[in-house]
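Undergrad: Hints are included, so try docking the two chains, each in its own frame, into the full complex.
Those sequence lines, one after another, are chains A and B. Per the numbering used here, residue 1 is the first one in the first sequence, and the count goes up by one each step. Per the numbering used here, residue 1001 is the first one in the second sequence, and the count goes up by one each step.
Think of the hints as simulated: they come from the structure by calculation, not from any bench. Among the hints, a few may not be true.
Coverage of chain B stretches by chain A, computed from C-beta distances (three or more under 8 Å per stretch; other residues unrestricted) [stated by the list, open to error]:
#1 1058–1069
#2 1072–1078
#3 1101–1113
#4 1205–1219
Which residues of chain A face chain B? A few of them, derived with a C-beta cut under 8 Å, are [said to hold, decoys possible]:
#5 L51
#6 I58
#7 T60
#8 S109
#9 D111
#10 H113
#11 R168
#12 T169
#13 A177
#14 H180
#15 T182
#16 A267
#17 M317
#18 Q341
For glycine and all other residues, C-beta sits at the position ideal for the given N, C-alpha and C.
The residues making up each chain are set out below.
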Amino acid sequence: MNKVAAGVPLTPHSSTASAGKSIATLLLKLRSVLALALLVVFFSSMTSSFLTANNLSILTKHVAITALLAVGTSFVILAGGIDLSVGSVAGLSGMTAGYLIVHGIVFASGDPHFLPIWLVILLSLLVGGAVGCLNGLLVTRLSIAPFIATLGTLYVGRGVALLISNGRTFPGLAGDAARHNTGFPAFGQAYLLGVPSPVWFMAIITLIAWVLAAKSPFGRHVYAVGGNERAAQLCGINVCRVKISTYAFSGACAALVGLVIASQLEAAHPATGQSFELNAIAAVVLGGTSLMGGRGSIGGSLVGAFVIGVLADGLVMLGVSEFWQMVIKGIVIILAVAVDQLQNRVQLRLAGGR
Amino acid sequence: MARRMLALAVVLFLPALLPMGCKRTGVSHRKLIAIIVPSQDNPFFQAEAVAAAERAKALGYDVRIDSHNDDPYSQDNLIDVAIASNASALILDNAGAEASISAVRRATKAGIACFLIDREIGASNIAKAQIIADNAGGAVLLGKRFAEIMGGKGKYAELLGRESDTNAQIRTTGFHAVLDKFPALVRVSAQSANWSQSEAFQRTETILQAHGDLNGIIAGNDTMAVGAVAAVRNARMDTIKVVGFDGSPDALSAIRAGALDATILQPAVKIAGMAVEEADQFLKTGSTGVPERQLVPCELVTRQNVDEFGTFQRIKPEKARE
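So here's chain B without its partners, still in its complex pose (with noise of 0.2 Å):
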């Protein structure tokens, strides 16, 4: 009885156990690259760790992903993880401007020499590099671009991203900055869709409800674009412009399929590839040989040239515009 209780015991245990037993990492002599991103299950995020994880491999590294989910305590002790398991370098694309800076000092502190991509932090000297996206840059390209479909005038709708995110504020200044010089361009609605496909589908509804003559509607992110564009379609009013930014694959196939008109392409593959070689240049020389802030230019993709793009990159060299 005794003995049949403990066996079942046992068996029931063993089967948790059982999918871990993929890889030893313990008796490996090459260094360690940390790669922490906000998730897995997002395509930008996604594509950002897989290409830093490829380059770091084929620089003959061993690596690790792991995601932080946006909380700066998860995000805090994965890098204490990492400080344990002596990484030599981490690409972190972090938690949050201020709730990350202790993190990213401690993990110097251990040795860990950190490289931010994507997002920054608010101090320098800390990280060895944060290179991000031009967001300021490439939304005034948006704006711009706006602005010419919208043939200078019309009534446009603004679907802003998350408020407590720098880069919702960063964009949507951006956007200003180009559309206020249009004095016939008239915003009529602005509401905040948290980045989210189903709010910004609501979200648009309910302004479709309201202003049933727009022209238009400039997103803060693709996400929203996306849903915008469904409700826009819904309310079979296809007339109405939506424009996004990101440069996420659905924003692409919805470019080609002619339902969004243009979105900013974020280069994220491109600077996690960078991050990883200047991690690479830094461990082998000591220095990474260029400023700590770096920022790498947006690219506008329209129906014209949305070709010329893979997921968060550019994938052929750029043609001639008529």
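The shape of chain A in the complex, shown without the other chains (with noise of 0.2 Å):
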């Protein structure tokens, strides 16, 4: 993909290709949207509960957990690497929280002392970034590659969960008015202006990521580290620190879902988020970003995750079998990966280029 990427411009938005021809590319790259249209025009079709403003606002609350996810992945994969940890990183952060609302912080001598709950959620954030970042210096300082080193964090990370409480649920994450520690179910269950909390979370870290993609030094670096290593350290990027950004950047966001997972719940449990990762990379995927690096947008993440999210909650409702559910989901993997080839040689074709 490297060698493609050198044949087409190599930023996202830069690439209008001559007018009279650009509609064949236009329908491709927009592809995704398509879909996510066509799903929903289906559903709607044969569901009349799917177009309700109750059920719209579940399935956009569903939407954001995978899409702050695969948000957060984007950033690695854009800049060439994979990060396998990111559910267990979610299952770390709820038990980290869960922890220190049900047991406190025991410093070496006396009682519990109880932290408020702001304070939890961000040490609990910090946990996911601290993770994001032995990620970025285990595949940078130590050269292991991605899939490997974060593979690796994935077995540890859940590991470290169930040893936090014997492999047992934190029940009970109301807090006590006693310990100044209530309030923690409002964090994921929350509503502002009438739109759930997580929905807003997703707004905002969308933005701010997007932002950063396609706005920032720091979105170029990305996109040059991921398009050509080589390349962009001989320009002078840290090439080091960029990587490491984007794994703490991805810990940080898997942190926040597992956060909001355990806030929705009411109760912390360490198996939470299993297999995750694997729906982050589909919606990464889906959404046009290439694995190999350097090509793909943080809009086109979102776009994937709600193509995903749709799909999962409109075949719930349409009452298809779990196992046809599966089928589905990986047939439309296969086709949006297939289509993206295809609209790899379009491109080329039209550039003029082999």
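TA: This is how it looks when you write it as structure tokens:
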């Protein structure tokens, strides 16, 4: 893909082919949006309760989880890496929050100290960021392949999450007024202006990520590192720092997801987030981001997350069997990548390449 | 060129939509009962889901079966979808006693009558009913039978279920309430095999290496018991008595074949049917007419009475024991 990327413009918004031939590429580029529209039309015609305000609110809330993970992972993938640890990090951050709320912090001597909720949330996010940094360090300093490094932290993270409670669930995260740590359930359950809080998180994080990716020097550096690492290094980009930042951002996003889920369940469950990384990667790929790095966009990942979410909830509402749901999800992912390759070839031909 | 590419793209996406065109749910005016179970590839959960669905269809409801794969978050999503589809009642085998409370509360608030089967949650007065098999009673029953076939003496190993699962603890407590009264019955090894057949196989192989003079194995569920039976056979130590718990089809055929000595059958089919009937009663009259927590007794299955049982249900009346 790197070779292809060298033939076509590297950046996501400067690839306008000559006007007459651009309709095909435009349609192909908008394919995930088209697929999403198709799905919405299809499900609306099949079930009357699909296109209701209530269901759309619930649907978007579900999509927010995948979207937050996908947006976080997007940077890692754009920079040519992969992050398999996000599901474990989500579980770990939820368990961290659960531990802090239920047991507090015990210093060398004396009684446990219970932290206010904002600090619990901050610490749990930091745990996620720290695991991300660790991923980054393993990849850059020890030159471990990203797939292996994050596979390792996937297991370590899940193991530590289970160790924190010895495999049990932390129940009753509502907190205790006497300990001044109530309010955690509101984090993922509250509504602001009629919109559920996870949707706000999704909107804010996506906006930040979009500005970072499309408008900031950092974003240029990420695309450059993913497109051609050696060239980026020769241009004076601090490749290591860029990579570590992408993993840290991904870890923090995953931690946020873990907190939202723990808050919604009012309980922290160590197995939370199992196989979330696959949903996140699927959303990123559906959004047209190349797994080889250097090509793709944040907006694409958001649309990808919506495709997966609409498909998942819609199929459940239709009463399609669980086994068919898996088959269909797999087919959609394969088709998305097949069309992606098609787009590459079309663009290449239109650009007068090989 | 452009047209060809577009046509190709459309054709590529179409097959994905085909398998879904099976039924319209939006046009029906019948009430919906949502059934959510842990998984549909496990015979126990499959039996309870199918039993509930058949009973509900017979009573004139629309039904939908989903599974949460023991993931509380996935369960949360499925309950949201049930709320959005205006389900009248929910039959739920939940994903964790504590982690399920908020989801059940949300469904109840949204006007869905919740009926919990097989597993309880750690809160009362939210669900309309919590109907479970009497695991503690069943464990005592199995403990007694095990002591009997062991002749009240000898060395045995115990295979425990997943440590975080309440049923694993309830069962082992029930076993030991009986077994610990026999001073000549010595537990030489206790290992968790996480309810899994392959783990039980490996653990048992290791245990047999360490204890060549083992006389019996008591397992927390049938999946592990069947794994243990395979290990015992491989080691040609067929004199070892093995007992399990659940009454799975595999275990029943192992009992028929003489490889397994006893199991406890959980009446999953009966429980699922009860839940649906109580839901029907509640939707028609506003009350189930029975207390929230209901314990359904388990049954001991041995070589003598194995033919009286089908898939997680009694199919023939009890014969007088000799």
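Undergrad: A separate judgement is required for each hint: does it hold in the structure or not?
TA: Each hint, compared with the structure:
With 4 residues having a Cβ less than 8 Å from any Cβ of chain A, the segment 1058–1069 of chain B passes the three-residue criterion, so the hint holds. Taking a C-beta to C-beta cut-off of 8 Å, the segment 1072–1078 of chain B contributes 5 residues in contact with chain A, enough for the three needed, and the coverage statement holds. Only residues whose C-beta sits within less than 8 Å of a C-beta in chain A count toward coverage, and the segment 1101–1113 of chain B has 3 of them, enough to reach three; the restraint holds. Check result for the segment 1205–1219 of chain B against chain A: violated, 0 residues qualifying (beta carbon to beta carbon below 8 Å, three or more required).
Because the beta carbon of L51 of chain A sits about 10 Å from the nearest beta carbon in chain B, more than 8 Å, this interface hint is broken. Using the Cβ-Cβ criterion of 8 Å, the hint placing I58 of chain A at the interface with chain B is satisfied: the shortest such distance is roughly 5 Å. Interface hint status for T60 of chain A: violated, as the beta-carbon distance to the closest one in chain B is roughly 11 Å, over 8 Å. Hint status for S109 of chain A relative to chain B: violated, with the closest Cβ pair at about 31 Å, above 8 Å.
Checking D111 of chain A against chain B: minimum C-beta separation of about 25 Å lies over 8 Å; hint violated. For H113 of chain A, the suggested interface contact is broken, since its CB lies about 24 Å from the closest CB of chain B, more than 8 Å. Annotation: interface hint on R168 of chain A holds; nearest CB of chain B at approximately 5 Å, less than 8 Å. Given the 8 Å rule on beta carbons, the hint for T169 of chain A holds: about 5 Å separates it from the nearest Cβ of chain B.
About 19 Å separates the beta-carbon of A177 of chain A from the nearest beta-carbon of chain B, more than 8 Å, and the hint is not met. Violation of the interface hint for H180 of chain A is found here, the shortest Cβ-Cβ separation to chain B being roughly 22 Å, above the 8 Å cut-off. With a cut of 8 Å, the hint placing T182 of chain A at the interface with chain B is violated, because the nearest CB-to-CB distance is about 15 Å. Below 8 Å, beta-carbon pairs count as interface contacts, and A267 of chain A has one with chain B at about 4 Å; its hint therefore holds.
The beta carbon of M317 of chain A comes within 6 Å of a beta carbon in chain B, closer than 8 Å, and the hint placing it at the interface holds. The closest approach between the C-beta of Q341 of chain A and any C-beta of chain B is roughly 11 Å, which is over the 8 Å cut-off, so the hint fails.
The structure does not agree with the numbered hints 4, 5, 7, 8, 9, 10, 13, 14, 15 and 18 stated previously, though it agrees with the rest.
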